[in-house]
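Participant: Here is what each chain is made of, one letter per residue.
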Amino acid sequence: MPKQDVIMNVGIIQKTYDLQEYLKSVFDKMKHEITKNDTAFIAEKREKAFGLFNKAGFPHPALERWRGTDLSRALNHEYSTLPEPPPADLDIDKIFKCDVPHFETLLVTQLNGWYADRKNLIQVYPNGMIIGSLAEAFQKYPELVEAHYGKYADDKAESLTALNTAMSQDGIFIYIPDNVTVEQNIQMVNITDFKQNLFLNTRNLVILGENSHLRLVQCDDSINHDVTFINTVTEVKIGRNSSLDHYKLQNKDDHTTLINSMYFYQDEGSSLSTNAISLNGGLIRNLSHVTLSGAHSSADVYGLYLMDRHQHVDNQVYINHVAPDCESRELFKGVLDDQASGVFNGHIKVYRDAQRTNAFQTNKNILLTDKASIDTKPFLEIYADDVKCSHGATIGQLDAEALFYIRSRGISESNAKILLMYAFAAEVINKISIPELRQRMDDMVKKRLRGELSQCEQCVLNCSTQEHQKVSFVIDMSKI
Amino acid sequence: MEKDQNNILEEVTNSDYKYGFYTDIEMDTAPVGLCEDTVRFISAKKNEPEWMLEFRLKAYRHWLTLTEPTWAHLHHPPIQYQDIIFYAAPKRKKELKSLDEVDPELIETFNKLGISLDEQKKLSGVAVDAVIDSVSVKTTFSDTLSKYGVIFCSFSDAVQNHPDLVKQYMGSVVPSNDNFFAALNSAVFSDGSFCYIPKGVRCPVELSTYFRINAANTGQFERTLIVADEGAYVSYMEGCTAPMRDENQLHAAIVEIVAMKDAEVKYSTVQNWYPGNKKGEGGIYNFVTKRGICKGSHSKISWTQVETGSAITWKYPSVVLMGDNSVGEFYSVAVTNNFQQADTGSKMIHLGKNTKSTIISKGISAGQSNNSYRGLVKVIKRAENARNFSQCDSLLLGDKCGAHTYPYIKAENHTSIIEHEATTSKISDDQLFYCKQRGISSESAIGLIVNGYAKEVLMHLPMEFAVEAQKLLAISLEGSVG
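These protein sequences, in sequence, are chains G and C.
Under numbering that gives the first Met the number 0, read the first sequence as residues 0 to 479, first letter to last.
Under numbering that gives the first Met the number 0, read the second sequence as residues 0 to 481, first letter to last.
There's no promise every hint is true.
[To be verified] Which residues of chain C face chain G? A partial, calculated answer using Cβ under 8 Å: (1) 166; (2) 168; (3) 397; (4) 407; (5) 410; (6) 419.
[To be verified] Per label pair, the in silico range of CB-to-CB distance: (7) C:70 to G:43: 52 to 60 Å; (8) G:338 to C:53: 38 to 46 Å; (9) C:278 to G:126: 57 to 65 Å; (10) G:153 to C:69: 14 to 22 Å.
[Said to hold, decoys possible] Simulated coverage check for chain C against chain G, where a stretch passes if three residues somewhere in it have a Cβ under 8 Å from a Cβ of chain G: (11) 383-396; (12) 412-418; (13) 451-461.
These are calculated hints, taken from the structure and not from any lab test.
Values in this document were obtained by computation on a predicted structure and should not be read as measured data.
Don't be surprised by glycine CBs; every beta carbon is placed ideally from N, CA and C.
Take the sequences, apply the hints, and build the full model.
Facilitator: Next comes the structure, spelled out in structure tokens:
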């Protein structure tokens with residue numbers, strides 16, 4: 000094997016052999032570049048994390064946590080990594096315009112992993128809220144960052160999280176101080192636009208103080224159709240008596256591998272509601288890791304996946320009941336068409352002291368063809384006795400009698416099927432508490448089921464309805 | 000029924016592991032440790048044909064390449080395979096013609112176990128094959144059975160007298176390279192039961208095998224093979240006990256079941272190996288591979304198990320549903336107390352069309368034990384209209400035990416319907432209060448509630464076992480209240 004790297008641009012090394020080796024060489028050679036915004040604390044974390052990644056290597060299906068999800072095809076491409084930050088004069092409005100009707104959001108945009116607003120890297124709002132670039136926050140708010148960064152993400156269990164800790168350059172930082180209710184919805188948009196195959200590590204940190212409330216919408220979008228491997232890690236700390244409403248929307252193209260790892264850490268009396276909706280994507284793996292560390296906290300984890308062609312979706316939900324008197328509810332539903340494959344792994348762990356825990360988990364799947372497959376593992380691991388825990392999983396197809404009932408009323412078979420699938424999906428959609436978003440997701444799911452929403456469109460919230468114009472987007476790559 | 004209930008209560012109050020005695024019988028043992036010579040020694044001892052030795056050696060050589068599985072939710076110090084005696088047999092001076100010639104000590108042993116060979120033969124109409132320290136000592140009822148053409152004998156007899164059948168079916172369900180413990184068993188198995196039901200025969204009596212580990216430092220490696228030819232039916236029962244010893248003893252068995260077209264095999268077991276003492280010392284390590292194959296269409300295999308013994312249980316009775324319209328069932332009650340650990344469940348592999356499977360698993364954990372259900376339901380592409388229903392409930396008694404559920408479900412066919420549900424809870428204070436209010440002590444109330452909880456499984460046991468299983472449940476949970 001040739002042992003040489005071709006350095007093409009600053010920070011871009013053409014891969015010539017094994018991806019792990021390549022990343023190792025990038026990490027070693029480009030260390031000054033990667034660590035340039037770091038405090039000593041962060042830099043030390045990177046070293047340790049890279050060691051863990053290098054030892055474990057990329058995950059493979061022989062690992063229990065990766066059963067059923069094979070990255071080998073996605074890893075078999077040549078990737079570039081460490082993209083340059085966008086130019087300072089980048090017009091954010093040109094990159095992205097969300098046009099969900101009446102959907103008021105505070106837009107926080109990332110381009111190729113970098114915080115997009117280069118002129119204004121971090122902003123403090125009148126209510127004390129801080130939003131901006133994570134790399135900038137390392138410098139400006141080291142105490143705030145270091146109290147939480149890397150504390151919740153599990154570098155040991157997930158080698159890709161370790162890789163992210165080691166190599167991510169930037170991401171979004173959100174801090175909500177105590178006693179603040181954020182009226183606006185905050186929308187985090189992660190856009191990739193790169194003229195080569197891109198291997199991207201992005202890292203977000205969200206901190207909610209005490210008695211604070213936030214609604215957060217996280218969207219993943221791609222602009223071009225090159226092969227992308229996105230490895231996003233988001234750490235979320237929810238303080239005492241605070242609440243977070245979180246939505247994760249994915250509508251990627253078939254060339255994208257999206258590894259989205261969320262680590263939620265909840266204090267006493269806090270509540271979390273998170274909803275992952277995957278409509279398209281080459282290979283999607285959503286990890287939701289929830290730790291209920293304070294008593295009387297609650298977590299609702301919902302998910303919906305509608306996959307077709309050769310798409311693959313993997314939902315991993317780990318709920319750790321560490322403290323007593325907590326409650327968790329999980330509901331994941333999926334429809335798999337064509338050759339699509341799905342994995343669901345729900346793992347509820349109730350620790351010895353977590354008495355009076357209520358934990359419920361449901362996973363329901365519909366297979367539409369013989370080539371589609373689903374692998375589901377609803378696990379319970381319980382060490383406390385005063386608990387009520389249940390899980391259920393079903394795999395089936397559309398009810399023939401229901402189909403007949405609808406058809407007997409003069410509705411065509413295809414429409415009847417869509418109707419039934421929509422009803423199946425609606426249970427998750429109805430959990431969305433932002434009305435405008437719910438309406439839009441509802442429309443999108445209907446479109447998705449009709450097969451109108453197949454290719455990646457520019458924004459997950461920007462489907463191709465007649466009444467909404469297409470968002471145009473141009474970045475002059477010669478300037479980058 | 001009233002009387003039964005009273006008996007149970009009586010037994011709950013005064014019994015520990017009552018099978019923990021040791022019988023002093025002259026033994027014939029292999030040298031300690033395992034090497035190719037041990038395998039040859041066992042084979043020679045049993046006067047086996049060349050092909051059998053080859054089978055063993057092949058398994059042994061493969062075993063050397065394997066490592067012990069670590070994925071189960073079990074913790075134990077490494078097993079020292081070189082410290083185990085792999086073969087121990089009661090010394091037999093001559094061929095036995097009738098029960099009268101059996102060593103009186105042995106007869107006494109079986110009487111203590113409650114399986115008086117002679118009486119059972121006369122009264123209950125159950126054919127018994129008793130295996131002590133891996134060697135079958137007496138098979139009852141053979142004559143009656145042979146009238147129907149049913150072959151029920153020890154495995155070594157089968158190797159001598161029915162080599163064709165053994166050759167054809169041995170290793171066809173659990174190949175010798177299947178897993179670590181299966182390979183070990185295939186190399187060193189000493190005896191076991193063999194059962195063949197010819198075409199169209201409904202076996203007139205229930206067949207039963209009793210296993211007993213007696214000698215110290217020995218492992219028990221028995222092998223059971225049940226073949227039900229076209230349209231045959233058999234109900235087979237298995238029981239087991241061991242003396243109380245401080246060190247752990249290894250038990251690695253294989254059970255293979257073959258059901259041809261329209262055949263039905265019902266396999267019931269009450270596993271009551273010595274579970275170790277209250278501090279978690281001693282007890283049997285029970286690593287068992289049990290698998291059945293529904294080879295022909297409309298065949299059925301049903302596993303019912305009551306697991307109360309063993310320090311460690313690693314056991315996944317499975318059914319491969321190959322024939323169209325075949326049925327697989329698994330009913331299990333697993334009780335763990337003190338420091339026992341159980342990782343048990345079932346695998347249902349749907350290969351044929353219109354195949355159905357049911358899994359009902361009830362786990363009960365008490366003391367500081369850990370009880371896991373681990374199962375797999377797999378439906379392959381061509382298995383149209385496959386149907387599975389699984390229910391795995393766990394009951395926790397005490398705040399130091401653990402109850403875990405690890406189901407794996409994989410579906411590749413869109414016409415399949417798979418349902419899985421599981422709950423974990425404790426006995427509610429309301430239920431206990433209700434019983435106590437009616438003058439039932441908490442200990443008995445728990446026995447009552449647990450028996451009600453397990454009823455769904457116990458009702459699938461043959462009569463003789465059901466009563467014993469109920470008692471066992473109560474005994475195993477003794478002292479776990481509070």
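Participant: Hint by hint, say whether it matches the structure.
Facilitator: Taking the hints in turn, this is what the structure says about them:
no.: 1; hint: 166; in the structure: violated (35 Å)
no.: 2; hint: 168; in the structure: violated (32 Å)
no.: 3; hint: 397; in the structure: holds (6 Å)
no.: 4; hint: 407; in the structure: holds (5 Å)
no.: 5; hint: 410; in the structure: holds (4 Å)
no.: 6; hint: 419; in the structure: holds (4 Å)
no.: 7; hint: C:70 to G:43: 52 to 60 Å; in the structure: violated (34 Å)
no.: 8; hint: G:338 to C:53: 38 to 46 Å; in the structure: holds (45 Å)
no.: 9; hint: C:278 to G:126: 57 to 65 Å; in the structure: holds (60 Å)
no.: 10; hint: G:153 to C:69: 14 to 22 Å; in the structure: holds (21 Å)
no.: 11; hint: 383-396; in the structure: holds (count 3)
no.: 12; hint: 412-418; in the structure: holds (count 7)
no.: 13; hint: 451-461; in the structure: violated (count 0)
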